[in-house]
Amino acid sequence: MQGFGTGQGSLAMPEARLSRGIFGRRAPIPRRPEVRAPVYVEVSPLLTLHITGIGRFVARMVEALAKLTPLRLVTTINGAHAQNMSLSTDLQTGEEIAISAADLPAADEDVGRWAKRLLKRPHQQHDAELASRCAGIYTLLRPPARHFRREISVLYDFTPLIVPWAHVQETREHFGIFFSETSGLSDAAVAISKATKDDAQWLSPLPPEAVVAGYPGPSLCVHRHACAGRVERSRNIILVVSTLEPRKNGRLLLDWFLDTKALSPEMELWWVGPKGWLHEHSAETHLRASKKQVRFLGMVPDRELCKLYRRAAFAVYPSLYEGFGFPVLDALWHETPVVCAFNSSLQEFAGPGVHYFDACDPATLDDACRELFARGAGSVHRDDLCENYSWDKLARTVYAMCDGE
Amino acid sequence: MNNLPRPKPLPAATQPPLAFRGPYSSSADNRALVVSSVFTHAEAVEQIGQQAYSYWFVYRAFAPLLERWGCTIEITRPESRLDYALWRARAQNLEPMHLSFLPLHVTYLTAHAANIGFPFWEFPDLPSATIANNSRNNWKRIADRMALLMTASRFTRDTFVRAGVKTPIHVVPVPIQPAYFDVPKWEAGQCVRLNCPCYIFPQKATQKKLVSAGSDPWAPPADGGPGFFSQAKRTYKGYIRPKLPKPLDRCLTTLTRAAKIAYLASKEASTDEFEKTPHLDLSGIVYTSVMNPFDPRKNWGDLITGFLLAMKDREDATLVIKLAVGEQLEAVALEGILGYYQSLGIDHRCKMILITDYLSDAQMLELTRASTYYLCTSHAEGACLPLQDFAAAGRPGIAPLHTAMRDYFRDDFGFVVASHPEPTYFPHDPEKRLGTSWERLVWQSLYQQLRTSYEVAKADRTGYRAMSVRGRERMADYASLEAVWPRLVTALDSIIVPAFAPDRPVAARMPAAMCKAS
Chain A
372 MQGFGTGQGS
382 LAMPEARLSR
392 GIFGRRAPIP
402 RRPEVRAPVY
412 VEVSPLLTLH
422 ITGIGRFVAR
432 MVEALAKLTP
442 LRLVTTINGA
452 HAQNMSLSTD
462 LQTGEEIAIS
472 AADLPAADED
482 VGRWAKRLLK
492 RPHQQHDAEL
502 ASRCAGIYTL
512 LRPPARHFRR
522 EISVLYDFTP
532 LIVPWAHVQE
542 TREHFGIFFS
552 ETSGLSDAAV
562 AISKATKDDA
572 QWLSPLPPEA
582 VVAGYPGPSL
592 CVHRHACAGR
602 VERSRNIILV
612 VSTLEPRKNG
622 RLLLDWFLDT
632 KALSPEMELW
642 WVGPKGWLHE
652 HSAETHLRAS
662 KKQVRFLGMV
672 PDRELCKLYR
682 RAAFAVYPSL
692 YEGFGFPVLD
702 ALWHETPVVC
712 AFNSSLQEFA
722 GPGVHYFDAC
732 DPATLDDACR
742 ELFARGAGSV
752 HRDDLCENYS
762 WDKLARTVYA
772 MCDGE
Chain B
46 MNNLPRPKPL
56 PAATQPPLAF
66 RGPYSSSADN
76 RALVVSSVFT
86 HAEAVEQIGQ
96 QAYSYWFVYR
106 AFAPLLERWG
116 CTIEITRPES
126 RLDYALWRAR
136 AQNLEPMHLS
146 FLPLHVTYLT
156 AHAANIGFPF
166 WEFPDLPSAT
176 IANNSRNNWK
186 RIADRMALLM
196 TASRFTRDTF
206 VRAGVKTPIH
216 VVPVPIQPAY
226 FDVPKWEAGQ
236 CVRLNCPCYI
246 FPQKATQKKL
256 VSAGSDPWAP
266 PADGGPGFFS
276 QAKRTYKGYI
286 RPKLPKPLDR
296 CLTTLTRAAK
306 IAYLASKEAS
316 TDEFEKTPHL
326 DLSGIVYTSV
336 MNPFDPRKNW
346 GDLITGFLLA
356 MKDREDATLV
366 IKLAVGEQLE
376 AVALEGILGY
386 YQSLGIDHRC
396 KMILITDYLS
406 DAQMLELTRA
416 STYYLCTSHA
426 EGACLPLQDF
436 AAAGRPGIAP
446 LHTAMRDYFR
456 DDFGFVVASH
466 PEPTYFPHDP
476 EKRLGTSWER
486 LVWQSLYQQL
496 RTSYEVAKAD
506 RTGYRAMSVR
516 GRERMADYAS
526 LEAVWPRLVT
536 ALDSIIVPAF
546 APDRPVAARM
556 PAAMCKAS
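Order-wise, the sequence lines are chains A and B.
So the number in our numbering is just where the residue sits in the first sequence, counting from 1, plus 371.
So the number in our numbering is just where the residue sits in the second sequence, counting from 1, plus 45.
For the record, the hints were derived by calculation from the structure and aren't laboratory data.
Some hints here could point you the wrong way.
In silico SDA-like links for lysine to any residue, alpha-carbon gap of 20 Å or less [unchecked claim]: (1) K477/B x E544/A; (2) K321/B x K396/B; (3) K211/B x P578/A; (4) K211/B x E544/A; (5) K185/B x I548/A; (6) K646/A x M456/A; (7) K211/B x I548/A; (8) K185/B x K646/A; (9) K477/B x I548/A.
Listed next, the stretches of chain A that the computed footprint assigns to chain B, with coverage defined by at least 3 CB atoms under 8 Å from CB atoms of chain B [stated by the list, open to error]: (10) 549-556; (11) 569-580; (12) 713-720; (13) 729-736.
Using N, Cα and C, we set each Cβ at its ideal position, and we do this for glycine too.
Could you put the whole structure together from the sequences, leaning on the hints where they help?
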């Protein structure tokens, strides 16, 4: 009926993937012992309540950068802004945490817990004099004055400008200042997709040559699965991983799922992610009136998320605009096909196992599902993932930018 | 998957030759435009009066010509849908370009096709810096990143050129629907009924309200002293607040304020006291104006005072104000205008009529037929489509000769109202810094031209007819479909350049091939 592959063995592929060396085929990372000066990393995203997209990015980048150079972790957000963001006080302005590769475990077990442990390490007073001789990486916003010898910004997305209605006023204001003014103070920026680099060309003051596109790796299970052991792939679970906020287009997805005839009635929609901002419950009546099953699982540990990706028949990602799209990569990394909106950076995942639709047209979502079923659902194998999406590669790019290369 | 609309071929005799054959068009059959629009046809009734709503009318006016030129695919929310539409078009062997009928600060620029903008700008200066921490508000920056700009007027083009915009700019007037050229001429004794509800003034209720507007300082308050809310506020501040924790107090205060604002808004928006007439009979000398009451450019203060004082006791003079507002904002708009009207205290016998309902194309044509003149008191215009339409229908205008109107309006088919520049702010600047200028109307000139126009319609039929004919002729030359078509073709074809040309626009050099999904 839906064209699923019948061999159960083919549905439980991660082990086979591991045996093919996907996780183990890392290129050797050249050590650069001649560089003694640490690189400063502004890690405010690690202080947020839920370590989701940007938080996971920062955690993984710290993990990868630490293999190349000693790091000093700092935050520059304090006062009312920190309160409004509900930032933890595990690290505060004026402090820094020194990190070296030798004492840093891998984050694959659980990125959230790993980040918390990282922030519990010994703190020391921020050394501004040393900082002025080192490079600094701003991973969220940045102050309006330079502080480091060389400064790099990370550009995730320009959604506060492109879909402003999907953000609260404070976010629009802070990122508006960053995009229009302070980002221009950085010597260079790394954009996490080609789409974000393109957007930087018309929305930021940075010259095109100062922005480098660098793909991150997956947000979980970089080196090994967080959930060890075999997982059977289900035929009936559709997985969506995203914060419940308007840009993620959850309303369209729910309405489509409850109304569509393109799915068999047994299909269930499992939703992983916290409640975010401007979240509305307007679909609840629709949900109650339907016999279809929707499960809101909230935040889950990485072990569980890994299991869910490997269990799902397919993942769906209807976002209205993205800077990268971790859930798409994470699904493909776990050999799970994805039905995905075709816009922004999401186009860059094109290839086997990705079926696109118009983010505002449920009929095309039906078509994308039918296309997926027609080609035979089940696990997908993407040989390009390791090459294109690598934390170590990104870390080398960023580190080279810190050196001014 | 998607059935894209196929291009409607133009009869061979009128189809102009393509100037270039290049990566964007190997033949007329595969040319396509993905048009980003502010809303869809189905949403039009609800969205009238919202931000950029008039761009939809512009797109609609161009639609037949765009379909002649190539396959058109309409989308909304371009940031989420544009690239999908481009991808689907390419899957059907079309070579799409992106044409945006949106203001530049909400235009989305794709990296996957040439971006063409059709901005309206009514001021002599262009925002060339970030406004309100939003780099999209820098129109010069956005304009410079487009492959082509089309403007409805030379005024707008000149503003962009003066600002140093490097992108090629073509002036392409907004075409007038052929039906306007066929509207029967105005006759002095005609009477036209429009089946649309409206408010007609003066009303008895208005008089009553005017009388009771002032409160008697010696009489006891009408509601019997301080109300419940006032007493509750005093009690809360005096006895409860000191005992509450601060966060709880802040929370309660915020909630109360929000409730008060909502209450006042609902109270202010009440227009129940005014009688709505189910249909509208128009006769005599009818002046019509169409406008968004929330747009300060439209200057409806001068419109109302000028008309009421110029036509004060002339019972056969009528001003019809067609408000471009959706249902949600109707009450707020009416309250603003009627509050102003009442505050004027002008006793008059001429009629002022407000229409808030959405009028279909047929109803708009009927309103045009019923009208003697079109009245525009705007401070600045990017085109003023109703003035164009009415002139095409042989209805002379009473309007200032500034901004876009300079391109087509003349005193031989209308009455020119004098104006002069005064400083103002960019419409999307929340800080309202004086960054540009618009035109202040000379009120006495408006008053005089209204009186003259009335006399001409009443007593100089020949003069009126001559103006009417000249208006139709002028607009046929300027903005009939056939007059606009060659200009549009020249503009769109200008970015279809040979693949080998080294100096073609950057966006036109974008690879046609997109990622091959699934």
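Structure-based check of each hint:
no. : hint            : result
1   : K477/B x E544/A : 18 Å, holds
2   : K321/B x K396/B : 14 Å, holds
3   : K211/B x P578/A : 18 Å, holds
4   : K211/B x E544/A : 30 Å, violated
5   : K185/B x I548/A : 19 Å, holds
6   : K646/A x M456/A : 14 Å, holds
7   : K211/B x I548/A : 26 Å, violated
8   : K185/B x K646/A : 39 Å, violated
9   : K477/B x I548/A : 19 Å, holds
10  : 549-556         : holds (count 3)
11  : 569-580         : holds (count 6)
12  : 713-720         : holds (count 5)
13  : 729-736         : holds (count 5)
Going through the hint list in order, the structure does not satisfy hints 4, 7 and 8.
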